[in-house]
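With chain A's structure known, arrange chain B on it following the hints.
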Amino acid sequence: MKFKINIKIAVIIFLCILIASLFFIPKEYLRPIITGRVITRVSVISRVALNCSIFMVEGWNLVSMPCVTKNNSRDPMLTTINDSYLSIHTYKITDTLDPWKSYNPNLPWWVVQDLDKITELEGYWIRMSYNDTWLVDGKVIWPILIPMFRGWNLVGFHSNVTMRMNDSLQTIDGSYSAVYAYNANTSQWMIYYPWLPPWVSQNLTNMSLYFGYWINMTQDDVWVLGT
Amino acid sequence: MYGFWELKKMKKKLILWIVWILLFIHITLALKPAPASFYGYVAIEKGYAAKGSVIEVYDSSNTLCGNFVIQNEGRYGLLICEGDDPVTKQDEGAVLGENITFYINGFRAKALGNTLWQSGVLKQVDIALGNVTHIEPYEESPSKVTSKSYRMFIRIMSLIGSIILITIFLWLYNKK
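Line order of the protein sequences matches chains A and B.
Position one of the first sequence corresponds to residue 1 (the working numbering), numbered consecutively onward.
Position one of the second sequence corresponds to residue 228 (the working numbering), numbered consecutively onward.
In isolation and in its complexed conformation, chain A is listed as follows:
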């Protein structure tokens, strides 16, 4: 029996298989290569009025205040929790001699207290004597650029939507090695190490507004949030 194959059909089948195999080529090989093209990036800064409201429980709370006000001095910012907070602390990695900045309203006048301002860039440890809500009426600025330095940084988070770890940390990808957060409601630490094997289950999967985050940087970088 003579087996006849039409050349045209064979060519069509061959082309179909070639096209089909394209689907299995990793995406990174299919990215367009841009040579000599100037890319102009325009950042539109938006200021949105927001009533920031952070519920804090008795004990330690690791939070951030995204609302920006005209006067960001400590006392006016903390007015709504004036009676309920025991102490507030933040960590400025750039001050190598004295990175911890604290304020405790119950300490005598002669104790040096070096936390004067509440900014949207930083994360804060606040110790509460009872459950209370920290309210600040202000504006939230997007996008925000947070300079990060090698070592542990205590920073705030600025996105009105809860974001997956990879998405929210995209701009510092490769520059950080660990992220820690503390959920005061459950008294639980949440941890994320991007380099761990997938079988290690990590309980920090998303980043949310009002949380403060400890981020360990392996090199200096700038974290851009809310683009």
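It cannot be assumed that every hint is accurate.
In silico lysine-lysine, DSSO-like type, Cα no more than 27 Å apart, as pairs [stated by the list, open to error]:
{"hint": "1", "chain 1": "B", "residue 1": "Lys402", "chain 2": "A", "residue 2": "Lys8"}
{"hint": "2", "chain 1": "B", "residue 1": "Lys316", "chain 2": "A", "residue 2": "Lys101"}
{"hint": "3", "chain 1": "B", "residue 1": "Lys350", "chain 2": "B", "residue 2": "Lys337"}
{"hint": "4", "chain 1": "B", "residue 1": "Lys273", "chain 2": "B", "residue 2": "Lys337"}
Here are some chain A residues the structure puts well away from chain B; computed CB gaps all over 12 Å [claimed, not checked]:
{"hint": "5", "residue": "Leu18"}
{"hint": "6", "residue": "Asn71"}
{"hint": "7", "residue": "Asn72"}
{"hint": "8", "residue": "Arg74"}
{"hint": "9", "residue": "Leu78"}
{"hint": "10", "residue": "Leu121"}
{"hint": "11", "residue": "Tyr130"}
{"hint": "12", "residue": "Asp137"}
{"hint": "13", "residue": "Trp142"}
{"hint": "14", "residue": "Ile146"}
{"hint": "15", "residue": "Ile172"}
{"hint": "16", "residue": "Tyr180"}
{"hint": "17", "residue": "Ser208"}
If you are wondering where the hints come from, they were derived from the structure by calculation, not from laboratory data.
These numbers were taken from a predicted model, which means no experiment stands behind them.
Cβ coordinates follow ideal geometry from the N, Cα and C atoms, glycine included.
Just chain B, lined up with the frame of chain A:
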């Protein structure tokens, strides 16, 4: 005995020292420390620990500082071991340099790795019950086809298919 001028000088010095000390008094930091975290392989005798096994960690004063229920056979983590909050009188967990003890399903386990507690540090510590000195890394069963290996298989098959078709095409073309 000191003379009048000597005493006056000493008083002056003392006042200067007090002023100097007062100027530099800062709040003593007593913050909640970041926990230590652990991960690794878990062996029971010659096999791996089953899914659902419970790993518990205790500090040297026998305070439970963290636990983890195994979700992947033979492996645990992240297991978060809390540090002691210096503000409270209670012992909530470990302090720097404290030795951590591991338990598997309530039995004290042998830890293969550095078990000293350190705030904000991640450590790989393999743990075992029985006479085990080394745990081989757990490997997924080869019969299990992962999506990655399936993709690779399809790629190879499409390549082989293309080569066969080219050969047939050339063979037919030459035959003509």
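Here's how the hints hold up against the structure:
no.: 1; hint: B:Lys402 <-> A:Lys8; verdict: 15 Å, holds
no.: 2; hint: B:Lys316 <-> A:Lys101; verdict: 24 Å, holds
no.: 3; hint: B:Lys350 <-> B:Lys337; verdict: 15 Å, holds
no.: 4; hint: B:Lys273 <-> B:Lys337; verdict: 14 Å, holds
no.: 5; hint: Leu18; verdict: 6 Å, violated
no.: 6; hint: Asn71; verdict: 24 Å, holds
no.: 7; hint: Asn72; verdict: 21 Å, holds
no.: 8; hint: Arg74; verdict: 14 Å, holds
no.: 9; hint: Leu78; verdict: 16 Å, holds
no.: 10; hint: Leu121; verdict: 20 Å, holds
no.: 11; hint: Tyr130; verdict: 15 Å, holds
no.: 12; hint: Asp137; verdict: 29 Å, holds
no.: 13; hint: Trp142; verdict: 29 Å, holds
no.: 14; hint: Ile146; verdict: 19 Å, holds
no.: 15; hint: Ile172; verdict: 18 Å, holds
no.: 16; hint: Tyr180; verdict: 5 Å, violated
no.: 17; hint: Ser208; verdict: 19 Å, holds
When held up to the earlier numbered hints, the structure conflicts with 5, 16 and fits the remainder.
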